[in-house]
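S.K.: Given chain A's structure and the hints, the job is docking chain B onto it.
Heads up: the sequence lines are chains A and B, in that order.
Under the working numbering, the letters of the first sequence match residues 3 to 261, in that order.
Under the working numbering, the letters of the second sequence match residues 3 to 261, in that order.
A few of these clues could be false.
Which copy is meant is left open, because identical chains are indistinguishable; a pair holds if it fits in one copy or across any two.
[Claimed, not checked] Listed next, the in silico EDC-like pairs over lysine to aspartate or glutamate satisfying Cα-Cα at most 20 Å (straight line):
| id | residue 1 | residue 2 |
| --- | --- | --- |
| 1 | K238 | E198 |
| 2 | K42 | E57 |
| 3 | K22 | D86 |
| 4 | K114 | E57 |
| 5 | K79 | E23 |
| 6 | K155 | D230 |
| 7 | K74 | D46 |
| 8 | K42 | E124 |
| 9 | K155 | E113 |
| 10 | K190 | D6 |
| 11 | K70 | D6 |
| 12 | K79 | E116 |
| 13 | K74 | E198 |
Rather than coming from a laboratory, the hints here were simulated on the basis of the structure.
The structure presented is a predicted model; accordingly, all values stated were derived computationally and were not measured.
There are 2 protein chains.
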Amino acid sequence: MTKDVSFQFSPIGYIHSPFKEKIGMAKQSMMIPQATGLLKLNHDTRFQSAVEDLEGFSHLWVIFVFHKHLEKNWRPKISPPRIDGPERVGVLASRSPHRPNPLGMSALKIEKIETQAPNGVEIHLSGLDLLDGTPVLDIKPYLPFADAFPDAKPGWASAENFCYPVTYSKEALDSIKAATSAEYPQLKELLHQMLELDPRATALRKLFPIDTTANEGRQFGFRFLDFDVQWKIKNKGVYLIDLFRMNGTRDNESKGSHR
Amino acid sequence: MTKDVSFQFSPIGYIHSPFKEKIGMAKQSMMIPQATGLLKLNHDTRFQSAVEDLEGFSHLWVIFVFHKHLEKNWRPKISPPRIDGPERVGVLASRSPHRPNPLGMSALKIEKIETQAPNGVEIHLSGLDLLDGTPVLDIKPYLPFADAFPDAKPGWASAENFCYPVTYSKEALDSIKAATSAEYPQLKELLHQMLELDPRATALRKLFPIDTTANEGRQFGFRFLDFDVQWKIKNKGVYLIDLFRMNGTRDNESKGSHR
Numbered sequence: 003m004t005k006d007v008s009f010q011f012s013p014i015g016y017i018h019s020p021f022k023e024k025i026g027m028a029k030q031s032m033m034i035p036q037a038t039g040l041l042k043l044n045h046d047t048r049f050q051s052a053v054e055d056l057e058g059f060s061h062l063w064v065i066f067v068f069h070k071h072l073e074k075n076w077r078p079k080i081s082p083p084r085i086d087g088p089e090r091v092g093v094l095a096s097r098s099p100h101r102p103n104p105l106g107m108s109a110l111k112i113e114k115i116e117t118q119a120p121n122g123v124e125i126h127l128s129g130l131d132l133l134d135g136t137p138v139l140d141i142k143p144y145l146p147f148a149d150a151f152p153d154a155k156p157g158w159a160s161a162e163n164f165c166y167p168v169t170y171s172k173e174a175l176d177s178i179k180a181a182t183s184a185e186y187p188q189l190k191e192l193l194h195q196m197l198e199l200d201p202r203a204t205a206l207r208k209l210f211p212i213d214t215t216a217n218e219g220r221q222f223g224f225r226f227l228d229f230d231v232q233w234k235i236k237n238k239g240v241y242l243i244d245l246f247r248m249n250g251t252r253d254n255e256s257k258g259s260h261r
Numbered sequence: 003m004t005k006d007v008s009f010q011f012s013p014i015g016y017i018h019s020p021f022k023e024k025i026g027m028a029k030q031s032m033m034i035p036q037a038t039g040l041l042k043l044n045h046d047t048r049f050q051s052a053v054e055d056l057e058g059f060s061h062l063w064v065i066f067v068f069h070k071h072l073e074k075n076w077r078p079k080i081s082p083p084r085i086d087g088p089e090r091v092g093v094l095a096s097r098s099p100h101r102p103n104p105l106g107m108s109a110l111k112i113e114k115i116e117t118q119a120p121n122g123v124e125i126h127l128s129g130l131d132l133l134d135g136t137p138v139l140d141i142k143p144y145l146p147f148a149d150a151f152p153d154a155k156p157g158w159a160s161a162e163n164f165c166y167p168v169t170y171s172k173e174a175l176d177s178i179k180a181a182t183s184a185e186y187p188q189l190k191e192l193l194h195q196m197l198e199l200d201p202r203a204t205a206l207r208k209l210f211p212i213d214t215t216a217n218e219g220r221q222f223g224f225r226f227l228d229f230d231v232q233w234k235i236k237n238k239g240v241y242l243i244d245l246f247r248m249n250g251t252r253d254n255e256s257k258g259s260h261r
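Here chain A stands alone, though its shape is the one from the complex (with noise of 0.2 Å):
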């Protein structure tokens, strides 16, 4: 067995996803329980079989490729994103996507199985952390009785999430209503899911945390669906100035911004 064995594998689908940049998406997946979106399995008459059974089950592993990492150099420490918590950890003790093969897993929740869409096998996913255009290289059915255990000790990750409490804008809760759409009815609550965990980059959460006065008023912006949503720090909380509709120009790969 030598080391420069190496082993190839096709995508079998793409998530489908209201994420289209890491800004305000969850880190780990059924934090954000309202986050809705999908995955297209590929046009192969085969996979109508191959889901048959899954319907069966309320939960699902995803395994994807952090198709943003490939071409980047694994980092042997990170600094992950919780402010609490240590500053830098091993990184095969944590999710961090800088890792030696850029493999993600997810346990989400099944919410529909339609295998007669007409592009293929569509599975409907909710407490999503993927991105949009993820490439899915497996799903297995989650069972409880090899995967479940409550009781394992989370190591440096044991503190509790932390959620910030949120306010609107008159403006803010005008335009939500307005972009509430059949495809998300609850686009508030699931808003309100993003703002509570502090949806910045890991440095600018370490550099202006929420929780002093004196970060009071700077504000922040990301990208969600096709809207830029602006908030700012206000009372140690976030609060939540307006969406703005984007035109359909804006670059793909916007970081979000601090101004």
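M.R.: Same frame as chain A, now just chain B:
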């Protein structure tokens, strides 16, 4: 995004396991808690830092390649190992290795992490359900808040695992005593856990069920460590006849036998 995209991954290490063949091996992780082995990471000094902070976690995900299934075509429907379950299910509704991309995942218990082992980092694991020589692509800490859904609906796999009663000949008990080594101080418990789950290939399980008197006296065997383990069906249970030390020349691909 075309469908002929492919991604290439190299193992970060290999599994060293007492299971040299699938017969007798658990079908899911932690079903045989006594099954121990280790993951040897490749000799690369970066891994020493990369596993820092991992020892605080009790469990670990291992993402691996079903290396015996690389050249095989995938099948849309497979026959699950449970004799009380459905005849055939969709392969993506199963954990079968006959899948489009032969990737597997197992949640295992971390027993010990040796960062100063002479040939690189060694992670000692228990609850192992992996063949010796399995290539590992990634490891991730088990996060109970993201991974544990004890109330998830287990679909067709919902029936409890059935354990058969196990009894022993005097010869078997003597052989186990003689074979118990520093490496396997709890050989008897380990064998017991393997035997009570029915250590046979799926086809034999279904053809000759243990719990009918019609199969009384039928003998079976499997290879484990360097033993040929012989057992028979007795009183609707498993009766261990004896273990025989094998010479080292036996074919590595032996599939167990039915006599």
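S.K.: Hints first: check each against the structure and report whether it holds.
M.R.: The hints, checked one at a time:
no.: 1; hint: K238 with E198; verdict: within (11 Å within a copy, 58 Å between copies)
no.: 2; hint: K42 with E57; verdict: within (16 Å within a copy, 38 Å between copies)
no.: 3; hint: K22 with D86; verdict: neither (27 Å within a copy, 45 Å between copies)
no.: 4; hint: K114 with E57; verdict: within (8 Å within a copy, 39 Å between copies)
no.: 5; hint: K79 with E23; verdict: neither (23 Å within a copy, 36 Å between copies)
no.: 6; hint: K155 with D230; verdict: neither (39 Å within a copy, 38 Å between copies)
no.: 7; hint: K74 with D46; verdict: between (32 Å within a copy, 18 Å between copies)
no.: 8; hint: K42 with E124; verdict: within (5 Å within a copy, 39 Å between copies)
no.: 9; hint: K155 with E113; verdict: between (30 Å within a copy, 13 Å between copies)
no.: 10; hint: K190 with D6; verdict: neither (50 Å within a copy, 39 Å between copies)
no.: 11; hint: K70 with D6; verdict: between (24 Å within a copy, 18 Å between copies)
no.: 12; hint: K79 with E116; verdict: between (41 Å within a copy, 18 Å between copies)
no.: 13; hint: K74 with E198; verdict: neither (31 Å within a copy, 47 Å between copies)
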